[in-house]
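Residue numbers (my numbering), protein chains in the order written: chain A, 1 to 358; chain B, 1 to 358; chain C, 1 to 358.
Derived from the structure by calculation, the hints contain no laboratory data. There could be a bad hint or two in this list.
In this list, chains with the same sequence are indistinguishable; a pair is considered to hold if it fits within one copy or across any two.
Said to hold, decoys possible - Simulated pairs of lysine-lysine, DSS-like, Cα-Cα distance not exceeding 30 Å:
1. Lys299 x Lys78
2. Lys78 x Lys157
3. Lys299 x Lys129
4. Lys78 x Lys266
5. Lys280 x Lys303
6. Lys299 x Lys355
7. Lys157 x Lys299
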Amino acid sequence: MARSRSVGAEIVSSYTGAPRLAVPGSHSALQLLRGARDEGVEAVLVATRRQYEAIYSRFEWLYSRAVLLESWSDFTEKRTLEKLRELNAVLVPHASLIEYVGADKLVGLELPILGNRYLLEIEASWDRKITLLASAGIETPRIYRSPGEATTPVIVKLPGAKGGRGYRAATPETLPRVLEELRQLGYSPEEVTVQELLIGVRLYVHYFASRVMDRVELISMDHRLESNIDGLSRLPPMLAAQLNLEPTFTVVANQPIVARESLLAKILDYGDRFAAAVEKETGHPMIGPFSLEGVVTDKLEYKVFEFSGRIVAGTNVYMGQPAPYGSLYWETPMYMGRRIARELRLAWERGLLEKIVT
Amino acid sequence: MARSRSVGAEIVSSYTGAPRLAVPGSHSALQLLRGARDEGVEAVLVATRRQYEAIYSRFEWLYSRAVLLESWSDFTEKRTLEKLRELNAVLVPHASLIEYVGADKLVGLELPILGNRYLLEIEASWDRKITLLASAGIETPRIYRSPGEATTPVIVKLPGAKGGRGYRAATPETLPRVLEELRQLGYSPEEVTVQELLIGVRLYVHYFASRVMDRVELISMDHRLESNIDGLSRLPPMLAAQLNLEPTFTVVANQPIVARESLLAKILDYGDRFAAAVEKETGHPMIGPFSLEGVVTDKLEYKVFEFSGRIVAGTNVYMGQPAPYGSLYWETPMYMGRRIARELRLAWERGLLEKIVT
Amino acid sequence: MARSRSVGAEIVSSYTGAPRLAVPGSHSALQLLRGARDEGVEAVLVATRRQYEAIYSRFEWLYSRAVLLESWSDFTEKRTLEKLRELNAVLVPHASLIEYVGADKLVGLELPILGNRYLLEIEASWDRKITLLASAGIETPRIYRSPGEATTPVIVKLPGAKGGRGYRAATPETLPRVLEELRQLGYSPEEVTVQELLIGVRLYVHYFASRVMDRVELISMDHRLESNIDGLSRLPPMLAAQLNLEPTFTVVANQPIVARESLLAKILDYGDRFAAAVEKETGHPMIGPFSLEGVVTDKLEYKVFEFSGRIVAGTNVYMGQPAPYGSLYWETPMYMGRRIARELRLAWERGLLEKIVT
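Sequences are here, hints too, so could you generate the full structure?
As structure tokens, this is what we get:
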């Protein structure tokens, strides 16, 4: 695909003087601010007045400017964006920003984004996400089209079921019986989806696609804790049986984790493949942080069920610390927030700013 | 409440020369010693001969003096306290010290304590603890006075039951039936306590109330591992069913954890509120480390079931490391043991010693 | 036992110039390379061409030489070993190397090994391992010879059962009934093994036996995540019941953990005892990294079910970071990979190279 110049590259080329890292409130803002500080990059906090008062006003030494909003709907207003451009702002997007502003508005945002903004459109569609992973040659959970195909435990998903209610699990042996039961409940085999159930250790892997260094770096990994499932599975069995609650999966916290070193062969390869697939699909290179999220099975397969085209909050576990894998590329302690600020600094110093934004 | 001068302020005002950090053996002594070393503060180890030989004799480079006891009952003897005062000792209390010496003796101890010693009396009473949390406006598990009130899963506690034996769990729907069953077993509804059952991710949050900086800092968080429950809940289901063991909850180990950044709005607020409530209740400000211990539910509420008015052992996970949140206040790597030593150093340098002790 | 000079001591005494750390690919190679870099020790990567291309070629700044193999069977060829000796190589063995090359070949390897190579023979036999632990006075899971002896939950192991299939769990109360059931299935009480079932928090403790400092250091601890058991135990109960899968225990990842400080009395003692027992048993001192792997019960006993006579992959959790306990011995940040490189550097500087190899 022919590459057109991005709106971000356009804008950044007009900046005079050093760029500033524009950090939206919440999600991973604190490590981004700390990272900028570590790299001697000026940071601009962008936050609602409420976020500022509750959290970020306590850490003013970490940024030199704050753009305060009455509400996030003000963010895309001309006045806000003008102010940010005057500050030579380069924006780091994250999931909270997308939630506040909407992916569609970010795609067209008149501000340089450190990252590939075109990926946002792909992420809005489940089908396009899975297609992207598949086209990259990354293993995903299998969909079985007939019961006889199933070689792993499966989850049987009902049409229109909300939050997993009524989903059934089965082994290849019990699957025909489960499908028969569902048929008697009125679900035809054509209606239900029989998907490989991933059972193993969940691994959220954090990468950084560097245009300055021309490589994809592995920075860290995390393990998520979710409510209520992580409380439910630790309830004394007798109490759990008395409650019989539906599990929920709200991400609440993250913990550090490292993988078996032999798994890195696949994990590093997946990082490269993902970046290449993004470039092929969007016509623009992968830039900056991204994440692959999957499960390692007892056969040491790494099956990816989700990706994020930007920084994930799990990187917060190493805020201010040398992340285990980040330390393999850099002499100084390196964590994701700092890595992003370093890319901005290096790109500026080497005249490559246009390469690290879209 | 009118504030009287504390015994600790009295004593410390008579010290000439730099204060020394008196670190009682066990609990979090090693990180306190390492923290003192990092800050250039002299440390005095206080330990039984047995603790010294088993553990602390291996790390003599971390402290300049050791006061060795035959047993912990010697600690409150005049001779010991005199020696410590001669060394300009400022004591850091922790749960092991309270266990060894008794809260009542510590309240009147003739030694400056880095912390609010009056809190010890409140902590000795469950009612006063919950009242303190409530008066601070911190959410705690709800007590339902009638079955109709219950809107969450509940635990039904029997009078005089030991270690949770016979406790029942229920949902709002099953609660009337459970109460009826208990009534038939001879428990009247007036006798049983129906308390909100917290199901989610346990979060132990570590704060530092700084009198020198005039703020409450968030330093780190941990996740606890307990025996046998964390082994039980990981037993293969078939074996677990064959055993049907009573769960136990002995804290054995701790792991690092970070919370969703949006939760910090509440977590930071709770820290401030707790410190303010302590000051109101005891007539003395909150000083130094404390901890709130609770559960984050799938609605992202943080419900606190317990607090500690001093350093908790969970801070050990970041011993010698830059704790994720501590790094947001300080240029240098910061963990709780070091933060305490820094407060002592700064207070000494600025003539504020009396403010950081009681 | 009279100590004979080891083959490694023989070879290393002929080295002229500084030794190089020979790091075999996989397992913990990355932290070993990073550790060498931190200590200013030159590293030699030894890896297959495939490992090199998939992983280690990305981190070339961490080593000065690479010895690439077509396959690991080339490792023990004369040509390879000659090349390594010409490079003044001192080899760090790990579990992957043993898997690739075989313990028997490593025992006789014509290359200095940083560690006690004679331990490899003991580790090849389950009986000798348990005997070594017992002779050290380290608590291991009890074997009950008659049902009446059992005072803890037990696992009843069947003769010839594969991967735990058919194993039964019991309490002291239910044990007679379980044995009776097994008798009816044709298993005589003489055939089955009744072993204490360890339920609690798993703790993998990492030590370093230093010949230069003449002490055993505690560096760090980790917690393992295994597939599928850690996924199984977190499955919503209803799905788990529908699947009824056999648990498997493939180690996939590791997480940081710290133990209650009071447990260190036992943990430190066990480290010393293990090193002493190894010296008594093999006639050569314990050298370098080793690990004890056990469970802490709710009575705060630490029962050890396994050991490793060399570096374990769980040390990777602190790669490039100050490990909590390592920081108690050293001013600089210290993790296992760096500790090993430091021992090599110090031994070389002090003329003690022969003492740290076999």
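Exercise for review: Check Lys280 against Lys303 for me: Cα-Cα at most 30 Å, and say if that holds within a copy, between copies, both or neither.
Suggested key: within (22 Å within a copy, 47 Å between copies)
Review point. Is it within, between, both or neither when you check Lys78 against Lys157 at 30 Å Cα-Cα?
Key: The answer is neither: 45 Å in one copy and 59 Å across copies each exceed 30 Å.
Review point. Is it within a copy, between copies, both, or neither that the alpha carbon of Lys299 lies no farther than 30 Å from that of Lys78?
Key: Cα proximity of Lys299 and Lys78: none, with 53 Å in one copy and 35 Å across.
Review point. Which holds for Lys157 with Lys299 at a C-alpha limit of 30 Å: within a copy, between copies, both or neither?
Key: Both ways: Lys157 and Lys299 sit 25 Å apart in one copy and 25 Å across, limit 30 Å.
Practice item. Have a look at Lys78 and Lys266 and pick one of within, between, both or neither, based on CA distance no larger than 30 Å. Key: Close neither inside one copy (45 Å) nor across copies (32 Å); limit 30 Å.
Check your understanding: What label fits Lys299 with Lys355 when the C-alpha limit is 30 Å: within, between, both, or neither?
Key -> neither (40 Å within a copy, 41 Å between copies)
Check your understanding: What label fits Lys299 with Lys129 when the C-alpha limit is 30 Å: within, between, both, or neither?
Key -> both (25 Å within a copy, 28 Å between copies)
The structure fails to meet hints 1, 2, 4, 6 from the earlier list, while all remaining hints are met.
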